[in-house]
Each structure stands twice: as structure tokens, then as C-alpha cells.
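Protein chains in written order, with the numbering used here: chain A, 810 to 933; chain B, 34 to 301; chain C, 4 to 277.
Check each hint, because a few of them may be wrong.
Claimed, not checked - Straight-line alpha carbon distances no greater than 35 Å define the calculated DSBU-like cross-link-like pairs of lysine-lysine that follow: (1) B:167 - C:46; (2) B:166 - A:908; (3) A:928 - B:297; (4) B:221 - B:95; (5) A:907 - B:110; (6) B:166 - C:89; (7) B:60 - C:72; (8) B:60 - C:214; (9) B:194 - C:115; (10) A:908 - B:79; (11) B:241 - A:908; (12) B:79 - A:901; (13) B:261 - C:187; (14) C:175 - B:297; (15) B:261 - A:932; (16) B:240 - A:928; (17) B:260 - A:932; (18) A:908 - B:95.
Stated by the list, open to error - Calculated Cβ distances over 12 Å to all of chain C for the following chain B residues: (19) 69; (20) 81; (21) 86; (22) 93; (23) 108; (24) 131; (25) 160; (26) 201; (27) 206; (28) 209; (29) 280; (30) 284.
Think of the hints as simulated: they come from the structure by calculation, not from any bench. We treat Cβ as the ideally placed atom computed from N, Cα and C, and that holds for glycine.
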Amino acid sequence: MTVWRTFKWIRVATLLVVAISMGSVCAVGQGAKKSTVDQDGQQVAQRSTSAHEWQKEFDQVCSTTQEAMSFSENELAKFVQRCDALLPQIEKLDETRKKVYLGRLRMCRGLYAYVLESKRNEKK
Amino acid sequence: MNAKRFAILALLLVFCGLSLAQTGTKKKRPLPYEFGRVVLNNYSEKSDLSPVVFEHWIHRSKFTCRVCHVDIGFAMKAGQTGIRAVDNERGYYCGACHNGKMMVDEKRVFAACSRRVNYEDQKRCDRCHSLGKKVPSDFDFFTFSQPLPKERFGNGIDWEKSEEMGLIKPAAYLDGFTSNKRSLAAQKDFYLNPKVEGMPDIIFSHKKHTVWNGCELCHPEIFMGVKKGSSHYTMVDISEGKSCGACHVNVAFPLTDCQRCHSKPVQP
Amino acid sequence: MKRNERGYPLFTLGCAVLMLFGSAAAQIFLPPAPPKQPSEYGKVVLDNYASKPGSPGAVVFDHWLHRSKFTCRLCHVDIGFAMLAKATGITAESNGQGFHCGACHDGKRLVKGKPVFAACSSSPADAQCNRCHSVGKYAARKYEYNTFTAKFPKAMMYGIDWQAAEAKGMIKPIDVMEGVTFRKAQIQGREDFGITAGVPWVHPVYFSHDKHSIWNGCELCHPEIFPTAKKSDVQYTMYSNVHGRHCGACHLRVAFPLNSCQQCHPRAPMWAQQ
Numbered sequence: 810m811t812v813w814r815t816f817k818w819i820r821v822a823t824l825l826v827v828a829i830s831m832g833s834v835c836a837v838g839q840g841a842k843k844s845t846v847d848q849d850g851q852q853v854a855q856r857s858t859s860a861h862e863w864q865k866e867f868d869q870v871c872s873t874t875q876e877a878m879s880f881s882e883n884e885l886a887k888f889v890q891r892c893d894a895l896l897p898q899i900e901k902l903d904e905t906r907k908k909v910y911l912g913r914l915r916m917c918r919g920l921y922a923y924v925l926e927s928k929r930n931e932k933k
Numbered sequence: 034m035n036a037k038r039f040a041i042l043a044l045l046l047v048f049c050g051l052s053l054a055q056t057g058t059k060k061k062r063p064l065p066y067e068f069g070r071v072v073l074n075n076y077s078e079k080s081d082l083s084p085v086v087f088e089h090w091i092h093r094s095k096f097t098c099r100v101c102h103v104d105i106g107f108a109m110k111a112g113q114t115g116i117r118a119v120d121n122e123r124g125y126y127c128g129a130c131h132n133g134k135m136m137v138d139e140k141r142v143f144a145a146c147s148r149r150v151n152y153e154d155q156k157r158c159d160r161c162h163s164l165g166k167k168v169p170s171d172f173d174f175f176t177f178s179q180p181l182p183k184e185r186f187g188n189g190i191d192w193e194k195s196e197e198m199g200l201i202k203p204a205a206y207l208d209g210f211t212s213n214k215r216s217l218a219a220q221k222d223f224y225l226n227p228k229v230e231g232m233p234d235i236i237f238s239h240k241k242h243t244v245w246n247g248c249e250l251c252h253p254e255i256f257m258g259v260k261k262g263s264s265h266y267t268m269v270d271i272s273e274g275k276s277c278g279a280c281h282v283n284v285a286f287p288l289t290d291c292q293r294c295h296s297k298p299v300q301p
Numbered sequence: 004m005k006r007n008e009r010g011y012p013l014f015t016l017g018c019a020v021l022m023l024f025g026s027a028a029a030q031i032f033l034p035p036a037p038p039k040q041p042s043e044y045g046k047v048v049l050d051n052y053a054s055k056p057g058s059p060g061a062v063v064f065d066h067w068l069h070r071s072k073f074t075c076r077l078c079h080v081d082i083g084f085a086m087l088a089k090a091t092g093i094t095a096e097s098n099g100q101g102f103h104c105g106a107c108h109d110g111k112r113l114v115k116g117k118p119v120f121a122a123c124s125s126s127p128a129d130a131q132c133n134r135c136h137s138v139g140k141y142a143a144r145k146y147e148y149n150t151f152t153a154k155f156p157k158a159m160m161y162g163i164d165w166q167a168a169e170a171k172g173m174i175k176p177i178d179v180m181e182g183v184t185f186r187k188a189q190i191q192g193r194e195d196f197g198i199t200a201g202v203p204w205v206h207p208v209y210f211s212h213d214k215h216s217i218w219n220g221c222e223l224c225h226p227e228i229f230p231t232a233k234k235s236d237v238q239y240t241m242y243s244n245v246h247g248r249h250c251g252a253c254h255l256r257v258a259f260p261l262n263s264c265q266q267c268h269p270r271a272p273m274w275a276q277q
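Chain A extracted, bound-state conformation (with noise of 0.2 Å):
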């Protein structure tokens, strides 16, 4: 007791932590209950516009693999840097879609890849 009173910054630093320990579990708490969680506790992506976006480029840029024997070389390069910069963006995913997603991306990049080898190849 003597010491406690005493030392005076001892009490307020004391009183401090406790404010620090109690404020940030609360600010945890509250950042807990935003994020989104699906009924396996798995962090789904986030619900942003980009989440929507990676997958419009997607099935826009592999729904074209049918065609890539019509395809320039300049449009297959084209194709090919795109699957490149999905590629990011998918191994943000959570497990299940990048695992599903990077097969069918490697797949599509390595369709163009081919086709625009193929092409140079031809020119040869």
C-alpha cells in the first residue's frame, strides 16, 4: 500500500494499460463482427465492386479461347498479359475458388500461350 501511494506514476500508468487493453479489445471486438464470415468461419472475399470485377475479366477474357486459332499475335499477347495480371487477384481468393479458379486460369493462359507459339512458330 505505501507503495502504491507513493509512487504515484505507477498508479497512473497502471490505470493506463488497463484503459489501452480494455479500448482495444473492444475496438477488436467490433472489427470481429464486421468482417464477413461464412458458416465455416472461413474469411470470404470481401464484398467490393473489384471482387465482382476479377470475375467479369475472367469470363471475359476465357470466353474467347474457342476463337484463339482467329486471333492476331498482337490480341493473343494481349490475352496472355491479362490472364497475368487475374492471377493476383485469384490467389487473394479464399481456398476453395483459387484453388477451382487458378486450374481454369492456367488452363486459358496457357491455351493463348500456345496458339501465339504457334503462330510465331508458323511464321518461321
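Based on these hints, arrange chains B and C on the given structure of chain A.
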């Protein structure tokens, strides 16, 4: 002494090596209803379930190869996809169709893999996790295959002719997964010289393959070379599952049907 | 021990080791002798399910009767039997469905005008289980080996010369079975060729494609037993033959046995015969 020991060890190794070789015997040929069966056991036994038995014949009559292997994203080898129950529950892989809502041929497709399982659900689990169990199926192979034109080996069914005759209508499109709706520009058929005296040339029909596979299924993962003749593969490679063997060992018509490929002129 | 006596135990040990090694090598490389009775040659015992309760017992399949009536190709390609005992996975169910044995043994199919008895028939009146499930039982046989093969020409070393029997018209193996065989365009016949052994003291083999493809077609051997038609791609030795692979797939237990050296190695000396 060292030389002797080495010689003995070397000989032992040679014997071991020879004994591990796989070719040279005529193994069991799967029966028509067994051909195309894939057993998946990455996680089943670890979760106290029987391994999954997947039958290709019923699925290939309803969908093209492309829908599953490109649009949904299944790998071409058992165990390589890494399907988990949670993936199915979220509507991917098997769950893309097996979601309890999709209708195929006016029948509701049963849902695969739920987390909360009742006692009654056991039957549903057993429909796929059926290795070693006798599980009644909705589809009987004999009833199914009876009206279809026959071929030898494999499933005993001429799948191409079945489609031509309109007896099967494999869907090339799956809502939510297929982004490609346009039809494929026809690729050229070409012939491959087997470089073995006496064997007829192989007429490879791009058209027949792309109708069901699209482009990405084969290029570049199965066939990497851009120039015809740049990739060399032999029947040994094929029988090990490389190049043509990715499909034509276990699912498409098997390699014993020589004349299906080694056909000159082209079989209609 | 004196200096010159020290070597004896080692020498004896060395000889013993060499003898063991030699006999092991002989076991590995030299083909086993076929059964003394040619009627036993080609016998296959199928007992995948013999020990299960309710099973009628193991099956004994004698090749000699079937090979006199059908080509190898019909059973091993069209019907699809494996060439290893117990590897096919024949069940009563598959027979009942018309596969495997049931492809012919269905009680209705006529072979040379006579109906073939049904295999694994569910009706007790037709059941003739002991005709096949005959291990350990006395079953009166319809055809006896000695009577059936009495007039067949005998092979050079052992058993029957089936090719000569066919050439003389004594047997006419059927190659096409309705509902089972699909006729396809013939692939051009392949030439005979020689195979040189990897070691200089073994005489080369003369291989006749003609003789093999008459009864086997192409698909029996290619691509499962011999994965490629290109000679140099497949490496095999007597080791693999003796262990039932490559040539041994047939010539270990059914076709003329491997120890009939001169039938493949035409110039091998007679003393090489085991």
C-alpha cells in the same frame, strides 16, 4: 573384396529393377460397366468414409468432357484435383451440379457433401462414397447401354455414333461455369506416321476431339509441341498415360482398339 | 592354424556362396520344367472366392479343351480374360450377366451345333457347379485328355503340336463369336524377324509373326504385353519370360513351355534342354 561386393549388389539391384517393371502381362480388362471408373481417396478414408467411386459412363452421356475438365476444373488424373467436402458444399467441383437444386433430364441431382449430416443422409453419402459397398444407383448400365450402338472394348458403346443418332445429348454448357458459348472454328485433321513398317497411318481427327473437348483440355498441358512432329511419343509413353494416353487408357476407347486410330482411309 | 590351412574355411565358404548364388541365378533365369503329365499343362486354378462362405469351391480351367475349339484371341481379346490367374475377377454375377465364362456358358449359345451348359446358373435344375468348381472333387469329365488328343501330332519336346493339328484339319479353332466379336479392318501382316540375345552365348531367336497372329490377332500382344511395335523399344530377357512377362505371358504355362529351347532358339544345342 570391394569389387565382388559391388558386383553382387549390382546384380541384386538389376533383379530388383526387373521385378518392378510393369509391362509384359495382359492384365484384367475392366468390364463395360467398370471401364472409366475412378476411385478418389485423398481424404475419404481419413474422414472415416469409404473412398469415392466415380463412374464416367453416366456423366459422359450427359455432359461433354470440356464442361467438367475445363469449365468446372477437374484434373485428368485420380487424386490430382484435391476435391474436399467443403469445396462441394460451396458449389464447386462435384457441387457444381450435385447441389440438390440442379435439374438434369427432369431429375433433381442429389446434393454432395453436407456438413450437418443426419442418420438419413448416410444413404446419400454412400451414393458416392461407395467403394466396397453395394449401393443401388438410379441408373443401371445395362438398361442405359442397351439401345446404344455397340463398339468393342471400353464401355462397349460407340459414343460418337450415339450422339450422331441423337440417343445421347451431352450438354456443352453449364450455367455459372461455362463462359464460352460460341462454337469452335474447325481445326484441320491430320495424319501421323507411326514410323513402324506395316502399321497404317493414324488419321487424327481434330474435329471429333474438339467437339467434346474444346482446345484447352489438350493444349498445352497434354500436347505441348506447337509444330506437328515436334513432340515424340511412342506407344510405351501412351500406355503410361502420356499424350493420347491421358484419355485413351482409362476413359475414352482403349489402346487395344488399334484400328480406331491406325485407320487409313479415315473411318467415317 | 598354420598359414596354409587358413584359407580352407574361407574357400569352403566361398564355394558354398557361389553354389547358392548359382542355384538362385538358375531359378531366376532358367525356365521351370512343365508338369510331367501334358494333360496338366495349361491348367489354371481360380480361387479368388473359394474360401468365402457358400462358395462352391475353386475352379479348375483346362486350356487344352478350349484351345482346340477357339482361338486365343476370342477369349483373351474379345471376351477379355486376363492372362494371369485370378486377375480377371470373374464372379458368378459377371457370368450371369453374360461376361467372362457367361459369354458362351449361358445355356443357349450353340457351339458346333450343341448348346453350351450355363455357368453359375441360378436355377438348381440346371446347376452343374462341379463341372468347373472341381478342385478336390471327383467330377466325371465329358472329354478326357488322352482320348481327345490321341491322334493329335505331338510337339518336338513336350505336349501337343497345336499348329500341326490345325494344319491337318484336326482342330478348327473358332475366331468369331456373334455378339462378342467386332470385325475390324485387317492390319497388314507383320514379317517374321530375328531377335539377337544380349549375351553372346545364347543363340538368336526366330520369331514368326504369322504363327502368332493367326490365333492371337494383334491386340492380344499389343500394346499390353509388347507396348510398341518397334523392336528396339522393349527390353526383356529370360528373366522376365520366366516370371510370366512378355513371351512368358503365354509360354510359361499355356503355349509350348519355355524349356523347349529349340522351338524359339532354332540353333541352340540339344544339351541346353533342361
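Cross-check of the supplied hints:
no.: 1; hint: B:167 - C:46; verdict: holds, 33 Å
no.: 2; hint: B:166 - A:908; verdict: holds, 31 Å
no.: 3; hint: A:928 - B:297; verdict: holds, 29 Å
no.: 4; hint: B:221 - B:95; verdict: holds, 27 Å
no.: 5; hint: A:907 - B:110; verdict: holds, 20 Å
no.: 6; hint: B:166 - C:89; verdict: holds, 21 Å
no.: 7; hint: B:60 - C:72; verdict: holds, 23 Å
no.: 8; hint: B:60 - C:214; verdict: holds, 23 Å
no.: 9; hint: B:194 - C:115; verdict: holds, 34 Å
no.: 10; hint: A:908 - B:79; verdict: holds, 21 Å
no.: 11; hint: B:241 - A:908; verdict: holds, 30 Å
no.: 12; hint: B:79 - A:901; verdict: holds, 28 Å
no.: 13; hint: B:261 - C:187; verdict: holds, 28 Å
no.: 14; hint: C:175 - B:297; verdict: holds, 32 Å
no.: 15; hint: B:261 - A:932; verdict: holds, 15 Å
no.: 16; hint: B:240 - A:928; verdict: holds, 20 Å
no.: 17; hint: B:260 - A:932; verdict: holds, 12 Å
no.: 18; hint: A:908 - B:95; verdict: holds, 25 Å
no.: 19; hint: 69; verdict: holds, 15 Å
no.: 20; hint: 81; verdict: holds, 26 Å
no.: 21; hint: 86; verdict: holds, 15 Å
no.: 22; hint: 93; verdict: holds, 20 Å
no.: 23; hint: 108; verdict: holds, 25 Å
no.: 24; hint: 131; verdict: holds, 28 Å
no.: 25; hint: 160; verdict: holds, 20 Å
no.: 26; hint: 201; verdict: holds, 20 Å
no.: 27; hint: 206; verdict: holds, 33 Å
no.: 28; hint: 209; verdict: holds, 39 Å
no.: 29; hint: 280; verdict: holds, 15 Å
no.: 30; hint: 284; verdict: holds, 17 Å
Every hint, counting from the list given before, is met by this structure.
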